[in-house]
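S.K.: Since the structure of chain A is already known, use the hints to place chain B on it.
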Amino acid sequence: MPRFLVRRLLHTLFVVWGVVTAVFFLVRLTGDPTALLVDPSATQAEIAHTRHLLGLDRPWHVQYVDFLFAMLRGDFGQSIQLRRPAMQLVLEHLWPATVELAVAATVLSTLLAIPLGIVAATHQNRAPDHLSRLASLLLQSMPSFWLGLVLILVFAVQLNGLLPAYGAGTWRHLILPAVTLAAAPLAQNVRLLRAGLLDVLPQDYIRTARAKGLPERLILYRHAIWNTAIPFLTVTGLSVGFMLSGAIVIETVFSWPGLGRLIVQAIPGRDFPVIQAGVFVFALIFVLVNLAVDLLYAVVDPRVRLS
Amino acid sequence: MPRAGAAKRLRRDGAAILGMLVLVAALGAALLAPVLSPGDPVKNDLLGRLSPPMWLDGGDRAHPLGTDTLGRDVLSRLLHGARVSLWIGLTAVMMAAILGVPIGLWTGYRGGWPDDLFMRLGDIQLAFPVLLLGIALLAVLGASLVNLILVLGVSGWITYARIVRGETLSLKERGFVEAARALGAPDRYLIFRHILPNVWAPIVVVATFSIARVIIAEASLSFLGLGLPPPAPSWGAMLDEGRNYLTTGWWLALFPGLAILLVVLGINLVGDWLRDLLDPRLERGI
Chain A
1 MPRFLVRRLL HTLFVVWGVV TAVFFLVRLT GDPTALLVDP SATQAEIAHT
51 RHLLGLDRPW HVQYVDFLFA MLRGDFGQSI QLRRPAMQLV LEHLWPATVE
101 LAVAATVLST LLAIPLGIVA ATHQNRAPDH LSRLASLLLQ SMPSFWLGLV
151 LILVFAVQLN GLLPAYGAGT WRHLILPAVT LAAAPLAQNV RLLRAGLLDV
201 LPQDYIRTAR AKGLPERLIL YRHAIWNTAI PFLTVTGLSV GFMLSGAIVI
251 ETVFSWPGLG RLIVQAIPGR DFPVIQAGVF VFALIFVLVN LAVDLLYAVV
301 DPRVRLS
Chain B
1001 MPRAGAAKRL RRDGAAILGM LVLVAALGAA LLAPVLSPGD PVKNDLLGRL
1051 SPPMWLDGGD RAHPLGTDTL GRDVLSRLLH GARVSLWIGL TAVMMAAILG
1101 VPIGLWTGYR GGWPDDLFMR LGDIQLAFPV LLLGIALLAV LGASLVNLIL
1151 VLGVSGWITY ARIVRGETLS LKERGFVEAA RALGAPDRYL IFRHILPNVW
1201 APIVVVATFS IARVIIAEAS LSFLGLGLPP PAPSWGAMLD EGRNYLTTGW
1251 WLALFPGLAI LLVVLGINLV GDWLRDLLDP RLERGI
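Order-wise, the sequence lines are chains A and B.
FYI, the numbering used here numbers position 75 of the first sequence as 75, with every residue one higher than the one before it.
FYI, the numbering used here numbers position 69 of the second sequence as 1069, with every residue one higher than the one before it.
The following block holds chain A by itself, in its conformation from the complex (with noise of 0.2 Å):
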């Protein structure tokens, strides 16, 4: 177990590694921040000096082992644009807005899915199973942006302005966001959860806690729905993927202020700092959400050994 630790973090920093290696110079080969800084009329020694201050004029071998030292003090220097410090502008923006956002989504996309993935299951190729392979087929299929589209369509324009649909600040802000955000992984959920239920319910120990007269309640929520958990988890931990990403045209959708509008923002605008700081979040995020999923596995079933 402690082996299977040490492993498994090497392996986290060496993507997170890979990650910021990458965007260091995927945002370099986008062109020169100054240009777009300096005044149209700068003479080509000012823009030479802007360049300068910026630390842009040195060699990007150099300016690469310069900003991997930088980063493993915290350092992830100074948005271009904003002139502040980027890891500050990129952790104001992923809490509370984007934290906000994807917590609620997760949480709807699977205390929804809990009730709708029994009464699937329960009632397995009647009007409600329909229904719900249906719903999920549609949800799954239709592009996430859209949706978000169609509810303002519904809930800001067509009725008035029932919910609001930009900005933040209040719960209702929230409620168009995160459905939009929920709906796909939900649909995958309820499916997942029936798939499972539908193993786990033939099996003796359910006609065990039937036969000694359990309420059919107590056997779906304390013994059925726990032994569905396996998949669940992974595909959880996968849609954290799918979170990070979609909120990043969720939140453009929305004029949410979050992480994923900071970033595609800052691309533009060749933020480099902001862009750095901001894909190492999201990368971190996602490599350890998933380790966590790994170690949860042993949770979840002691048959699993880590190793």
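Be careful, since some hints might not be right.
[Stated by the list, open to error] Label-pair distances were calculated between CB atoms; the ranges are: (1) B:SER1144 <-> A:LEU53: 33 to 39 Å; (2) A:ILE47 <-> B:GLY1028: 41 to 47 Å; (3) B:ASN1198 <-> A:ILE47: 55 to 61 Å; (4) A:ILE47 <-> B:ALA1025: 50 to 56 Å; (5) A:LEU72 <-> B:ASN1198: 42 to 48 Å; (6) A:LEU162 <-> B:SER1144: 37 to 43 Å.
Calculated directly from the structure, the hints in this document are not laboratory data.
Model, not experiment: these values are computed from the prediction.
We put the beta carbon where it would ideally sit given N, CA and C, even for glycine.
M.R.: For chain B alone, kept in the frame of chain A given last:
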């Protein structure tokens, strides 16, 4: 799992038939776009701007699904947009498979450092949100049809490489491969005659679903303004234009999304069917 009953199979096939009909219709629309279009997809008509679909008040029969903010015919743009979406979906997936399958065969068969190198590269890429990678690469290369296909294609290699590698790892230890090897068959022969034919099924299934994923990714990138440069009719770009007119021209954002939904739904239905047909071992992802 017990074998599905006849009724259940028929119902599932019914869904597949529906999916195929949708896809044939989409392909037909794409191929025949110039014939079917009631108007020119890129011609402006500033006097006929934001005309609603024809069944609404103020609608015009000449523009069955209305016109956009520059007076261009929405139906014509949708039909031509089908060409863009399907073309990008098919070519990008093919490119990903052409890159990923040989890498998977090679790393799975050989093991050693190439295996480590490519699988670690894949881990790094998977920790990158796909869209961010696309945005960054398109910012470097510039937005165009070819670059969009390149970015979506190249970034898809890891899916194929992983699946093919896993299959190869188990196939190369099987009796029939061992036997051929014992008879002195060279590695190339083993890989192409014995291993590759046995990994086709999962490749076809994954490729089918990937087309749907690529179409949505293309729409997302276009929606963020990084897709085809205007005035090219792309469904994602149409959604991007439409979202600023939700109050005055809701049809601009509604129809392109419905088009994507239909095509992706069709692909998913056919993909489910192919998975059941070709590869019963693959878990139903539901």
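S.K.: If a hint holds in the structure, say so; if it doesn't, say that too.
M.R.: Evaluated hints:
For B:SER1144 paired with A:LEU53, a C-beta distance near 34 Å keeps the hint of 33 to 39 Å intact. For the pair A:ILE47 and B:GLY1028, the supplied restraint of 41 to 47 Å is violated, since their beta-carbon distance comes to about 54 Å. Take B:ASN1198 and A:ILE47: their Cβ atoms lie about 60 Å apart, and the range 55 to 61 Å holds. A hinted range of 50 to 56 Å for the beta carbons of A:ILE47 and B:ALA1025 is consistent with their spacing of about 55 Å.
Take A:LEU72 and B:ASN1198: their Cβ atoms lie about 47 Å apart, and the range 42 to 48 Å holds. For the hinted restraint 37 to 43 Å between A:LEU162 and B:SER1144, the CB-CB distance of approximately 41 Å keeps it satisfied.
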